[in-house]
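S.K.: Starting from the given sequences, assemble the full structure and let the hints guide the process.
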Amino acid sequence: MVKAVTMPKLGQSEETVKIVKWRKQVGDAVAKGEIILEIETDKAVLEVESFFAGTLLKVVAGEGVTVPVQTTVAFIGDPGEAVPDVAPSTTPAATHGPKHESMGPLTRPSPDGHPLPLEREKGLSPLPAERVVPSGGDRVRGSVTSQSSNEGSFQPSASPEVFRISPRALKLAKESAIDPTQIAGTGPGGRIVERDVRDYLEAHGYNRLRITPTAKKLAAREGIDLLSLAGKANGNQITVADIERIVSERPKPLAHIRQIIARRLTESYTHAPHFFVTVSADITEVEALRATLKAQGTAYTVSDFIVKAAAMALEEFPIVNSVSDGEAVRAHSSIDLGLAVALEQGLVVPVIRHANELTLAEIHLRAQDLTARARSGRLMPDEMTCSTFTISNMGMLDVENFTAIINPGESAILAVSSGAKQPVVKNDQVVVRTMMKMTLSSDHRLIDGALAARFLNSIRKHFEEISLWQRLT
Amino acid sequence: MAAFDLVVIGAGPGGYPAAIRAAQMGASVAIVEKEELGGTCLNWGCIPTKTLIASSELLERIKSAESMGLRVSGASFDYAAMADRKDQVVQKLRNGVKQLLKANGVTVFQGCASYQTRNRIQVESNGASALLTAGKSIIATGTASAMPGFLPRHERIVESRGFLRLRALPATTLILGGGIIGCEFACMLAQLGVKVTMVELLEDIIATIDADVRRELRRHMEKDLGIRILTGVTLEEIAADDRGVRGRAGQETLEADLLLVALGRRPVLDGLKLENAGLAPNARGFLDVDAYDRTRVATVYAVGDITGGPLLAHLATSQGIVAAENACGSYLHKNETVVPNCIFTTPEIGTVGLSEQEAQQQGRKIKTGKYLFGALGKALAIGEPHGFVKWVADAETDQLLGAHAVGPHATDIIAEAGVAIRAELTASDLAHTIHAHPTLAEAWMEAAHALIGEPIHSAPPRKPS
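Note that the protein sequences, when read in sequence, are chains H and B.
Numbering-wise (this note's numbering), the first sequence opens with residue 1 and increments by one.
Numbering-wise (this note's numbering), the second sequence opens with residue 1 and increments by one.
Quick caveat, the hints were computed from the structure, so don't treat them as lab data.
Note that this is a predicted model, so its numbers are computed, not measured.
We put the beta carbon where it would ideally sit given N, CA and C, even for glycine.
Mixed in with the good hints, there may be bad ones.
[As the list claims (entries may be wrong)] Only pairs whose alpha carbons sit at most 27 angstroms apart, straight line, appear in this in silico DSSO-like list of lysine-lysine:
#: 1; chain 1: H; residue 1: K171; chain 2: H; residue 2: K232
#: 2; chain 1: H; residue 1: K252; chain 2: B; residue 2: K370
#: 3; chain 1: H; residue 1: K216; chain 2: B; residue 2: K334
#: 4; chain 1: H; residue 1: K232; chain 2: B; residue 2: K334
#: 5; chain 1: B; residue 1: K86; chain 2: B; residue 2: K98
#: 6; chain 1: B; residue 1: K334; chain 2: H; residue 2: K174
#: 7; chain 1: H; residue 1: K58; chain 2: H; residue 2: K24
#: 8; chain 1: H; residue 1: K294; chain 2: H; residue 2: K252
#: 9; chain 1: H; residue 1: K21; chain 2: H; residue 2: K58
#: 10; chain 1: H; residue 1: K216; chain 2: B; residue 2: K63
#: 11; chain 1: H; residue 1: K216; chain 2: B; residue 2: K370
#: 12; chain 1: H; residue 1: K24; chain 2: B; residue 2: K365
#: 13; chain 1: B; residue 1: K63; chain 2: B; residue 2: K86
#: 14; chain 1: H; residue 1: K174; chain 2: B; residue 2: K367
[As the list claims (entries may be wrong)] Label-pair ranges, simulated between beta-carbon atoms:
#: 15; chain 1: H; residue 1: R250; chain 2: B; residue 2: G329; range: 34 to 44 angstroms
#: 16; chain 1: B; residue 1: A395; chain 2: H; residue 2: K21; range: 17 to 27 angstroms
#: 17; chain 1: B; residue 1: S64; chain 2: H; residue 2: S248; range: 49 to 59 angstroms
#: 18; chain 1: H; residue 1: R208; chain 2: B; residue 2: E222; range: 50 to 60 angstroms
#: 19; chain 1: B; residue 1: R364; chain 2: H; residue 2: R208; range: 30 to 40 angstroms
#: 20; chain 1: H; residue 1: K21; chain 2: B; residue 2: D212; range: 30 to 40 angstroms
#: 21; chain 1: H; residue 1: E249; chain 2: B; residue 2: E222; range: 19 to 29 angstroms
#: 22; chain 1: B; residue 1: T231; chain 2: H; residue 2: P8; range: 49 to 59 angstroms
#: 23; chain 1: H; residue 1: Y269; chain 2: B; residue 2: R364; range: 37 to 47 angstroms
#: 24; chain 1: H; residue 1: G33; chain 2: B; residue 2: A395; range: 49 to 59 angstroms
#: 25; chain 1: H; residue 1: D85; chain 2: B; residue 2: I434; range: 46 to 56 angstroms
#: 26; chain 1: B; residue 1: A395; chain 2: H; residue 2: R250; range: 18 to 28 angstroms
#: 27; chain 1: B; residue 1: M25; chain 2: H; residue 2: V247; range: 33 to 43 angstroms
#: 28; chain 1: H; residue 1: E249; chain 2: B; residue 2: R296; range: 23 to 33 angstroms
[Unchecked claim] Sample of chain H residues with no beta-carbon within 10 angstroms of chain B, all distances over it, derived:
#: 29; residue: V20
#: 30; residue: R23
#: 31; residue: E38
#: 32; residue: T55
#: 33; residue: Q182
#: 34; residue: L201
#: 35; residue: A215
#: 36; residue: L218
#: 37; residue: T239
#: 38; residue: V240
#: 39; residue: H274
#: 40; residue: A288
M.R.: What follows is the structure in structure tokens.
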């Protein structure tokens, strides 16, 4: 019996999900629990398992398509079974959810499945394929897609008037690998005719270009204007290597997760006036305690201690656990600590909820679980939203000090650097201690310097207070 | 102390063209050679072997003359006379190099070079020594046949250079190593009536070339020339005495009058005292160079076999010219993307560019087009209808990336393919280039027709019914 594979609902906040990759192709056998596709939300890349066993009969929503949760994306059944005729374009499935809408100006899905960064591609690519001849047929890469809802989202901003060219002129322009939109038409109504293309080539010294046959063919295929290459080739003629260099230098869309990071951090850094306060914490005794605890069987991380110390400090300074837009201030009712985790594709910030109510052992287990699942791409979106304060620990990366950008929705972030042995003056004696710098970034709209200093020193005090840890572990 | 802008060490096909080019650019140039001008290629490699092969192939052709309506009886050979001719050819070319160096004002030093510092080179010869100061230097010392330690030292066990000193042929020969050198000697000896057995450790002979080309060569060597080829086995317990050489291959004991060792070549850097110039060979014993043929010492360049690339005279020459230009202030990128490789077996093999097996290793999508000499008028007319040519092209653009020929004059006709690949022609450009009829080179055009699916003189591609 044919069963519909629906996009799972991943949490309260996610309404649309983008299909990144189908791990199974039509005709492949699928076991129950086997991963069949990879999806991407605003927060992370996830894998989707099949609830059924059978053969993948049909893929309704292809790679690169964004669909609402609960939408049918594929069918699984026995080979040869009839599949209901569901076209993605007729379902509301392909419409952009509100989340995606906000990304509107930046991306749109293209037929080959990759979001194209429109503004930049137009600016940099010598021959922007999507701008060429909407009437010309196969050149209209992406300006009209099967997803009807996308049509309105893209308006060529360059020339509102209709671009008109004769078929022969277009053929010549294509074969010559030049951008015909640069040509002034002399035909009726400004239509470009073949002679216009010839005159244009002549006037721009096209015949003086030396191009290898394959390079010309490749340029035509890749939509590269050969005239833009005059004098820019590495040798004395334009070769395949020159074309490949240009193709490799073309802007490529950032991964969805990177685009999200870019948007959120730019927003934060431009809206919230950041200022930075640094302290040095003496971690000698905490390190000794960690070593003892490890010998006893639990390998606590420095982050575990920082989370607890920060949660205690946030209880003392509730204003830091609030957020402001410059006009109002909203206090968070719980202390939910985000832990920045670096993945290959970008940063994710899993959240330890109610960190102030957890024991150190509970924090350790929670952090260990979240970090491991973040690394394997198995965090649920709900586990990565609505933190109230964030900790970014680069201690493993051998850095002396750094500053972090505040996570949107919060007012401060703590950047934790590496511990290192240093000569330190204690009781007027120079002694060797392991010191670690911590830098707090604060939103000055809400937090003043004195508050930041008191808050940060509170974290340090808790962190260095060895009797506290002996009590809590 | 003599001072030069450039000192070239080694006067082989890498070194002497470098010296000439630098002199032409106005530099004062010295070249140091410890043996003979022309190096391995001219004295103990390409030239002497091709001279002998020309004789053995002519004999082979004469023996089969009857198939072409000729009656020749009593065809035989005098190996000593063949060897004399070889020496004359070598002598003539060697003199040519000497004249060229002289005409270009290059000072030739006979002796062994060693670095004292990166800019001071000592030349020693029979106790006499000279000290040269060198603004820059080019190392072009090349390679020599490898003679691994497990081989006994005996006059019946020789490598290629030792073989070329012989004045008479053995009746039977064992060849250790089925690479290019081993196969060339095997074909020549078999044509001169020597009973040849070849032992190769790998699963096939000349493993670097495509399997279909290899198959064609091996079939001819075994079936027509009667060479016994043992692959995938090692030759062990090698011994030699006055009566002959012996070795065990698997269960079998092989015996012959002579063992020819063709196990590859080793870098020659002995006595050069590289460390005084701040240089050291890499793990394989060769010198690493960058895209401008510079070693890691700014004033020292290296070219040819010693840089660890393919062991080809024409590649060494190309590198030598680039290094010379760069040593004289140019900034040339070396060009090694399209290097033809010619194998003078019977049948001959010529290859250039990408092979099918390389494309497979790179995961690159390709198309191929093949044409058999058996279907080509000229090949039939000259009585050599064996082998084929093959193009390898990019699957999407049809760009010609590689060419492989096995058959009559394969080493000559490969030149066209090299030009086509270097010029980045597509298969259709080549297919639509008029080739003279009747010639062997037509095969390239026919193969290009086949590649683009428009064959005229071969069966059309099967259409799905």
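S.K.: Could you run down the list of hints and mark each one as holding or not?
M.R.: We went through each hint and held it up to the structure:
1. K171(H) - K232(H): Answer holds: K171(H) to K232(H) is near 25 angstroms, not above 27 angstroms.
2. K252(H) - K370(B): 39 angstroms, violated
3. K216(H) - K334(B): 24 angstroms, holds
4. K232(H) - K334(B): It holds: about 20 angstroms lies between the C-alpha atoms, which stays within 27 angstroms.
5. K86(B) - K98(B): 18 angstroms, holds
6. K334(B) - K174(H): Violated: K334(B) and K174(H) sit about 34 angstroms apart, past 27 angstroms.
7. K58(H) - K24(H): Status holds; Cα separation ~11 angstroms.
8. K294(H) - K252(H): 46 angstroms, violated
9. K21(H) - K58(H): 15 angstroms, holds
10. K216(H) - K63(B): Not OK: K216(H) and K63(B) at ~52 angstroms, beyond 27 angstroms, violated.
11. K216(H) - K370(B): Holds, at roughly 25 angstroms.
12. K24(H) - K365(B): Status holds; Cα separation ~23 angstroms.
13. K63(B) - K86(B): 22 angstroms, holds
14. K174(H) - K367(B): With a Cα-Cα distance of about 25 angstroms, the restraint between K174(H) and K367(B) holds, given a limit of 27 angstroms.
15. R250(H) - G329(B): 34 to 44 angstroms: The hint (34 to 44 angstroms, Cβ to Cβ) holds, given that R250(H) and G329(B) are roughly 36 angstroms apart.
16. A395(B) - K21(H): 17 to 27 angstroms: At roughly 24 angstroms between Cβ atoms, K21(H) and A395(B) fall inside 17 to 27 angstroms, so the hint holds.
17. S64(B) - S248(H): 49 to 59 angstroms: 55 angstroms, holds
18. R208(H) - E222(B): 50 to 60 angstroms: 56 angstroms, holds
19. R364(B) - R208(H): 30 to 40 angstroms: With Cβ atoms ~33 angstroms apart, the hint holds.
20. K21(H) - D212(B): 30 to 40 angstroms: 37 angstroms, holds
21. E249(H) - E222(B): 19 to 29 angstroms: Violated - the Cβ-Cβ distance for E249(H) and E222(B), about 53 angstroms, lies outside 19 to 29 angstroms.
22. T231(B) - P8(H): 49 to 59 angstroms: Given a distance of about 57 angstroms, which is inside 49 to 59 angstroms, the answer is holds.
23. Y269(H) - R364(B): 37 to 47 angstroms: Holds, since Y269(H) and R364(B) (Cβ atoms, about 44 angstroms apart) stay within the stated range.
24. G33(H) - A395(B): 49 to 59 angstroms: Check failed, 38 angstroms falls outside 49 to 59 angstroms.
25. D85(H) - I434(B): 46 to 56 angstroms: Given range 46 to 56 angstroms: holds, Cβ gap about 55 angstroms.
26. A395(B) - R250(H): 18 to 28 angstroms: 22 angstroms, holds
27. M25(B) - V247(H): 33 to 43 angstroms: 37 angstroms, holds
28. E249(H) - R296(B): 23 to 33 angstroms: 30 angstroms, holds
29. V20: Check passes; 22 angstroms lies beyond 10 angstroms.
30. R23: 20 angstroms, holds
31. E38: 22 angstroms, holds
32. T55: Holds, since 25 angstroms exceeds 10 angstroms.
33. Q182: About 25 angstroms separates Q182(H) from the closest Cβ of chain B, which puts it past 10 angstroms; holds.
34. L201: 20 angstroms, holds
35. A215: 6 angstroms, violated
36. L218: Incorrect as stated: the minimum Cβ-Cβ distance to chain B is 6 angstroms, not above 10 angstroms.
37. T239: Non-interface label fails for T239(H): nearest chain B Cβ at 6 angstroms, not farther than 10 angstroms.
38. V240: The assertion about V240(H) is violated, with a minimum of 5 angstroms to chain B.
39. H274: 45 angstroms, holds
40. A288: 45 angstroms, holds
In terms of the numbered hints stated before, the structure departs from hints 2, 6, 8, 10, 21, 24, 35, 36, 37, 38, listed from lowest to highest.
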